[in-house]
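Residue numbers (the working numbering), protein chains in the order written: chain A, 1 to 346; chain B, 1 to 341.
Derived by calculation from the structure, the hints in this document are not laboratory data.
Please note that a few of the clues may not be correct.
Partner residues are not named here, just some residues of chain B that face chain A (Cβ under 7 Å, in silico) [said to hold, decoys possible]:
(1) PRO81
(2) PRO82
(3) VAL83
(4) PRO86
(5) LEU233
(6) GLU234
(7) LEU255
(8) SER270
(9) THR277
(10) ASP286
(11) TYR293
(12) PHE332
(13) LEU333
(14) LEU338
From a predicted model like this one, the values you see are computed outputs, not experimental measurements.
Beta carbons: idealized from backbone N, C-alpha and C, even for Gly.
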Amino acid sequence: MDSDSIDELRRVYRNYVRCAEIIATVEVWFTKSEEMASTVQHFERFPKLEHHEKGTLLTPDFTVLFNDGTALIGEVSRVALREESVDKAWKQLEAYAQVSKVQDQTGTLVEVSAVDVVVIVPHNGSMRMCQAVAERKASSKADNLWISVFEWSHDSDDNTYTIKCPPTDGNVAPRGHGREPSLEGWLTQTDNSDGLRGRPEHFSLVQIERRFTNDPIPPLYLATILWSQVFGDISDGEADIKIVPADIARRVNRKFGKVRSPDVKSALAVLEQARLARQQGSEWIVAYRELGRGSDSFDDVLLQRLRKPPSGPVTLAERKKKSLDRKETLKNRALQEKFDLPDEIV
Amino acid sequence: MLPEMAQQAKSDKVRVPQLTVATVITEAANPVEQLAMRGIGIREHRVTSWGGLLRAEMNRRPYVIGLWRGSDNVFHFFGSPPVTSPRWKRVEQSWISRVAPTMSRVLLNQDDFSAIGDLLAEHGSIEVNRMTARVVADGSSYSRGWPEHELGRRPSHRDALSEIAPGRMTIGSISMHVGDRMYVHLRRQAGATLYSGSLALFCSTVLARLTALAKDRLSVLSGVSRSAKRPILEAVQMSFELDSSAVKAKLLDGLGKSHGVRATMLYNDSYLHFILTDHLNGSNFDLILTEDYRLRLVPGFKATPSSMARVLDAIGESLGMLSLSREDIPEFLDESELFAS
């Protein structure tokens with residue numbers, strides 16, 4: 001694989017992780033604070049909503065169904081949006097703000113009396129976002145759109161996130177609808193002008209419980225989860241494991257968070273590029289084993305193999321066969337007598 | 001069994017040779033059969049009510065190693081070969097790894113050494129004549145010897161241990177006299193040798209304590225389970241003194257010395273988060289470093305206690321582990337944790 005493609009794989013992985021950590025932070029707010037959690041009926045990590053007119057599928061990053069029948073719909077962005085993307089983002093937010101149903105704990109879509117939308121963008125793009133939201137809200141045909149912009153920043157010293165609601169261009173917090181506590185309440189408390197916090201000691205646990213978000217999963221990330229956690233469940237020790245993507249997706253869905261078959265196939269394709277798996281029709285064979293030395297971490301080994309795929313057979317069965325073939329060849333060679341041709345053939 | 005043996009030897013007027021002991025925790029109720037099948041050089045085995053006996057051969061010379069149940073899933077290998085002899089090394093290095101991951105060692109930390117010393121001090125004054133340790137940062141060794149001389153007592157265990165900076169050094173072993181009743185050697189990879197003295201006292205103090213420590217370790221690691229429907233409420237935490245920036249390298253270094261375990265790092269530019277996979281049985285764990293000097297280990301859906309023990313010992317050795325304990329994770333946080341100010 002060329003280094004540009006590898007860099008792209010890594011970039012997608014990094015962006016995804018930032019979003020996942022912020023979503024996990026929001027989940028901590030709504031589910032790990034006892035008082036806030038008491039106002040929440042259901043926090044959904046993998047929302048599937050319906051567009052109010054077209055009926056098409058909408059997949060925001062999270063939804064919160066409150067006990068009072070109102071809802072919060074949220075979207076996280078890793079990258080400050082360029083001008084071209086702002087329109088697309090607006091259309092999404094406008095659609096979310098007009099949704100009439102969100103999911104409850106059984107997954108059923110239930111009617112809600114009001115919807116508040118929040119979009120969480122990097123702090124260096126929040127001013128532009130606030131401006132864009134204010135302008136487009138004013139010129140939108142729909143009324144009663146409640147869309148808030150939050151900004152996030154990350155401290156690389158302690159890996160903590162700070163999330164604030166900037167007051168630019170009339171930006172306001174999501175409505176609390178009289179709930180106590182509410183995000184509105186938390187953000188307007190005078191001693192909370194520094195915003196809300198996401199600490200790794202809290203969100204790391206949510207990350208373990210739900211490894212994925214509603215977005216397509218970076219193939220490099222899913223490949224490492226499959227190798228380090230999922231395949232070990234299926235086989236202990238070295239083995240060629242036969243994989244059907246849909247089965248793996250089901251297995252992962254039960255325990256780790258929603259994945260789809262196409263996500264699994266992309267991850268398997270990465271393993272194939274690293275010559276750790278081979279596709280056979282609709283199935284895959286994964287040559288599952290310990291790689292490298294104990295002091296090598298799998299993520300490093302995978303990248304090395306992508307940069308320079310090793311030659312030779314892929315599956316353990318093929319390697320064994322090659323080794324046996326070679327032994328047999330050597331044995332035969334040793335058994336053969338020296339072949340002496342006469343100088344002249346009469 | 002061993003305490004009875006002590007009495008029997010006394011009444012039969014048989015002098016008990018030195019006794020070497022190594023403590024293990026096991027998954028099997030009695031691992032003797034498993035050892036007999038997989039251990040190199042084992043010619044015969046006998047399963048008994050208290051454990052069993054293994055007759056092995058090295059260079060055509062036979063020797064017997066016993067396995068004594070200290071408590072459920074805690075056993076002690078015992079025999080007369082010295083700990084440095086190839087016959088004993090084969091037990092500790094080869095036999096145990098061949099039945100991994102269902103059997104694993106237990107690591108003693110500095111507090112454990114102090115506690116055993118304190119217990120022995122009740123039976124006679126402690127004089128340490130040798131101590132070994134290792135510097136965590138660079139792996140260099142530290143060795144101290146105190147010869148006997150008329151001018152004064154050799155240091156007590158507490159005096160000697162005070163030279164070891166916890167977290168920055170890890171104690172390896174101590175040899176000490178307990179009055180005139182015993183001369184013993186105590187080792188970090190839970191084990192001991194009775195060089196001379198009362199076998200009965202050795203069993204009631206050192207062995208009993210090693211059993212208790214192994215039992216404790218087993219209870220920290222057992223029953224820490226994950227369920228898909230519940231949030232994570234339990235973890236194991238390890239404290240150490242190493243700087244956070246050095247943790248990744250030391251962790252991988254430690255895993256390099258253990259057999260069959262591999263790490264995968266998630267999230268390159270975030271807090272340190274690894275998944276550890278035991279390829280011998282598919283067990284896996286999440287290992288997280290979110291605060292200085294404290295690692296959190298969260299077992300995966302498949303995670304056996306002895307796999308966890310193996311992994312934690314390898315990492316603990318490398319990081320200079322201070323303590324290992326069960327952590328209950330609260331279901332709810334204080335609101336103040338969520339605000340930036």
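Against the structure, the hints:
Because the beta carbon of PRO81 (chain B) sits about 29 Å from the nearest beta carbon in chain A, more than 7 Å, this interface hint is broken. A hinted interface residue such as PRO82 (chain B) counts as satisfied when its beta carbon comes closer than 7 Å to some beta carbon of chain A; here the least separation is about 29 Å, so the hint is violated. Residue-level restraint check for VAL83 (chain B) is violated (minimum Cβ-Cβ distance to chain A is 25 Å; threshold 7 Å). Hint status for PRO86 (chain B): violated, given a least beta-carbon distance of 25 Å to chain A, over 7 Å.
Among the interface hints, the one on LEU233 (chain B) is violated; its C-beta lies about 10 Å from the nearest C-beta in chain A, farther than the 7 Å criterion. Violation of the interface hint for GLU234 (chain B) is found here, the shortest Cβ-Cβ separation to chain A being roughly 11 Å, above the 7 Å cut-off. With a least beta-carbon distance of about 5 Å to chain A, the hint placing LEU255 (chain B) at the interface is held under the 7 Å criterion. Because the smallest distance between the Cβ of SER270 (chain B) and any Cβ of chain A comes to about 5 Å, under 7 Å, the interface hint for this residue holds.
Annotation: interface hint on THR277 (chain B) holds; nearest CB of chain A at approximately 5 Å, less than 7 Å. The interface hint given for ASP286 (chain B) is met, as the beta carbon of that residue sits about 5 Å from the closest beta carbon of chain A, less than 7 Å. The interface hint given for TYR293 (chain B) is broken, as the beta carbon of that residue sits about 13 Å from the closest beta carbon of chain A, more than 7 Å. At about 4 Å, the closest approach between the beta carbon of PHE332 (chain B) and any beta carbon in chain A falls short of 7 Å, and the interface hint on this residue holds.
Because the closest C-beta pair between LEU333 (chain B) and chain A is about 5 Å apart, less than 7 Å, the hint holds. The beta carbon of LEU338 (chain B) is positioned within 7 Å of a beta carbon in chain A (closest approach about 6 Å), and the interface hint is therefore held.
In this structure, the hints that do not hold are numbers 1, 2, 3, 4, 5, 6 and 11, in rising order.
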